[in-house]
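Make the full structure from the sequences, and use the hints.
Protein sequences appear in the order of chains L and Y.
Last residue of the first sequence: 448 (the numbering used here), numbering continuous.
Last residue of the second sequence: 448 (the numbering used here), numbering continuous.
Keep in mind the hints are simulated off the structure, nothing from the lab.
Each hint should be verified, as a subset may be incorrect.
[Unchecked claim] Reference listing, derived: stretches of chain Y covered by chain L, where coverage requires no fewer than 3 residues with Cβ under 8 Å from a Cβ of chain L:
| hint | region |
| --- | --- |
| 1 | 45-58 |
| 2 | 416-426 |
| 3 | 437-447 |
Since the structure is predicted, the reported quantities are computational estimates derived from the model, not experimental observations.
Note that beta-carbon positions come from the ideal geometry of N, C-alpha and C, so glycine has one too.
Number of protein chains: 2
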Amino acid sequence: MQDTYGDLISSLAIKNDKKIVLLVMDGLGDCDNAGKGTALQIAKKPNMDALAAKSALGLLVPVAQGVTPGSGPGHIALFGYDPLIYQVGRGALSALGVEFGLTPRDIAARLNFCTLDKAGNVADRRAGRPSDDENRSVLAKVRQKIKAPAGVEVFLETEAEHRALLVLRGDKLDDNIGDTDPQQTGVAPLSADRPPHDKSKTARMAQNLIDQVRKILADEPKLNMILARGFAKAPHWPSFADRWKLNPAAVAGYPMYRGVAKLFGMPLAAKPTAAADICSETAKALRDHDFIFAHFKYTDKTGEDGDLAGKVKRIEEMDAALPALLAAKPDVLIITGDHSTPPSLKSHSWHPIPVLMAAPSLRGGDGKPFDEVSCRFGQIGTICSKELVPLALAHAGKLEKFGA
Amino acid sequence: MQDTYGDLISSLAIKNDKKIVLLVMDGLGDCDNAGKGTALQIAKKPNMDALAAKSALGLLVPVAQGVTPGSGPGHIALFGYDPLIYQVGRGALSALGVEFGLTPRDIAARLNFCTLDKAGNVADRRAGRPSDDENRSVLAKVRQKIKAPAGVEVFLETEAEHRALLVLRGDKLDDNIGDTDPQQTGVAPLSADRPPHDKSKTARMAQNLIDQVRKILADEPKLNMILARGFAKAPHWPSFADRWKLNPAAVAGYPMYRGVAKLFGMPLAAKPTAAADICSETAKALRDHDFIFAHFKYTDKTGEDGDLAGKVKRIEEMDAALPALLAAKPDVLIITGDHSTPPSLKSHSWHPIPVLMAAPSLRGGDGKPFDEVSCRFGQIGTICSKELVPLALAHAGKLEKFGA
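Structural data, given as C-alpha cells:
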C-alpha cells in the first residue's frame, strides 16, 4: 500500500521558523458515561475553554470508523503516518515499551508466561497474572540456564505481570516465525516452526529456545511455560524529521510513548509525567526544536481504571499547567488524544477524539467549551488523525502550494 | 480492488451476546419536495422523535457523493460491503428479484421485451410497457417453442411489465456475452457474440436463443423481440455471518430484498410487508439471532409514485408499530434507508440518508426530531453506508482493538 496522501504532503513540506506543539492527552475522548457526561464536559478547565473560544475545533478518527486503536496506531496516525500502512509488530512494540533498542539484526517477540497442565495443554494463558517480581525472578532463572544458538545473542526482558520480551540478535535472521499462543486453553502450544514457517532457520531456533524454557521451568507451579506472539523486526520508516522537514523532539515520561517517538527518529527532550512538568519542559524544548510531541498519560490511565472523577481531575491538572506552555508562544498549538478511553468502558474506544488547534489564520474561534459536543461543530470537522500534522504544517506556513 | 476497510473490520470482529437491529425504511431520505418539506419532517412520529432524543444521528452516503444507488448497491453497502467492489450483474439481480435460485452453473441476463420496426430496428425499447399478464402470455409462447442447446437448460421468467429473466444452466458456461440492447431506438439490436465476445461458446448460444425468439415472436404486434443485458454469474461473496461473526436473519416481505439477503447467506426469518408485522416479527427473530435486517418497502414505493402524503403515512405507520420492536430491547437499534426516494423526483436519488442509532455508549442523545436536518448535526456525522455495520459492531462491543 502506498501512502499517497502522506507522500503528497511530504513533497510540499518546507522549513521555516514557526513552532508547533502537539500535546497528546492520552485517551482524552469520552462517551457520556451513562448520562454523567464526558470528562471534558465535567472538568473545570478555564484555560482550555478560553483557548477553545479563539481556536479551531474538530474531531479525529484515529484509524477508521468503528475501529478502536491501540496506543501504537493511535500515535502513528497522530504523527501523520497512515496507521494501516505503518503497522508495527507486537514484538517490536514490546521492545519499545521497555526501551529495548532494537537493531536491524534483531527479531523481537512478545512472550506471555502461561501455565501448562500435566497433559501439556494450556491451562492459563496468563499464568494467573503473576506480579512483576515473580516474572523477574522466573525470567532470571531462564536467563541463567538457556543456551543461545551459535552466533546468536538472546535477550529476555520483563515487561509487566505475565508479559516479557524475547529478542534474537544475529546475522540473516528472519521473522517468518509462527505465534505459539493457541489463543485458547485446553490445547497444546503451537510450534513456532510449523508449516509454512518450517523453511525458516530462525523459526527452528525460536522453537529450540522455547523447548529449553519448558524444561527449565518444568518444576514451576504456575509460570511453567511461555507463549510467543508477534515475532517482528523493528520497522525502518521514514523519519519524522525527513518526512515533514521538522526538527522534532519528544517530551514523554512513559517508555511506550518514548518508544513510538523513537520509531520515527524523534529525540527525547525530557521525560516528565506530571502535567506541570510536561508544560514547562515543552516550553523549554521549544527553544531548540520546531515541533514538540508532548505526552500526558494519566487521562488514559484513569479512563482504563473506570475512574471518571480521576480523569476529570487529570484534565483539570493539565488545564492549570497550560499557562506555562502558552507563555512559550508556539505558533500552532494542538491539544488532542491518541484515542478515546471512556471510564464507563474501562478501555480504549472507537469514539472520535476532540481536537483543539490554536493557530494564526483561522475562520474565527469556534467557541467554548472544549468538549466532544462543541468539537463536532468546529471548523476542522471530523478528519482522520493522520491529517492533523499536515493541517498543522499548513497553519504554520510549512507547506508549499500544489500545482501552479 | 481489495476491501481494505471491510477486511480490517472483519479481522477484528468477535462474537458476544449483544443484539443489533437494522431497520431499513426503503427510500427513507428525501429532499424538500418543492418547499413542502421532507416526508420525515411532515410525519407525526412521536416514537422515532423520542428515540432520536436519546440516540446518535447522522447521514449516510450509500455509494459516493452525487451517486444515486439502485436497491442492490444500497443494501450491499448497508450490509458493510463496499458497493464499488461487491457489484452484482443486472442478470443476477433480476434472478434475486424473482427469487430464482441461481446455481454456480448458471448465467443470468435481464431481458426487455421490445418492439422492432419493419426494417428490424428498435422502435420501442420497452415494447410500450406491457402489463405483467401480456408479458407472461408472450413468454409462455417462447417457452413452448424455444429449443435449448445440447446439454444446457434454458429458463425464462416474467419479472414485471417489459422485464424478464433469462437463465442458461450448464457446464462450463461463461459470462463473456455482449449486451444486445443498443440503448437507443432506430438502430438494430446488437449481437451477443460480436467481438470481443466471439470467442465465447456461451455467447454464441445466447445469440442463437435470441434469434429463435425473434422468429417465434415475428407475428406479435408489440412484443416482437427481446433485448438482453447484464449476462452474469451469481456472485460468491463472503457470507454476512462469516464476515462479521454474527448470526443474522432477514425480515423482508419483498423478493428483491430477500434476494439481496440471500446473496450474503442471510436466512429469512419472516416475510411481512406491513409495518406492524415487520416490528413484531423482528422482535420474535431477535430471540434466535444477534442481527436482524428488517425491510419496509412502502416508503420507497410511495416516493417512486410521487405520493408525498402516502410516504408520510407510511412513516407514521412504522412509527406506530415501533414500540413492539423496542419492547424486544435490542442493544443497538438502527433506523435508516438504503437510499433517498424524494416524491418530487419520483425516483431514487443521491441525497444522503438520515440514520438513527440507539446504543449504550453514546455522547448523549442528539435530540429530536428525526429528520434530514437534525441528522446533519448528529454525532455520527456524514459517513458511508458501508461504515454503518462496523459502527454498530463497535457499539455492541463486537470489535477487538487494532494494534497494541
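Here is what the structure says about each hint:
no.	hint	verdict
1	45-58	holds (count 5)
2	416-426	holds (count 3)
3	437-447	holds (count 7)
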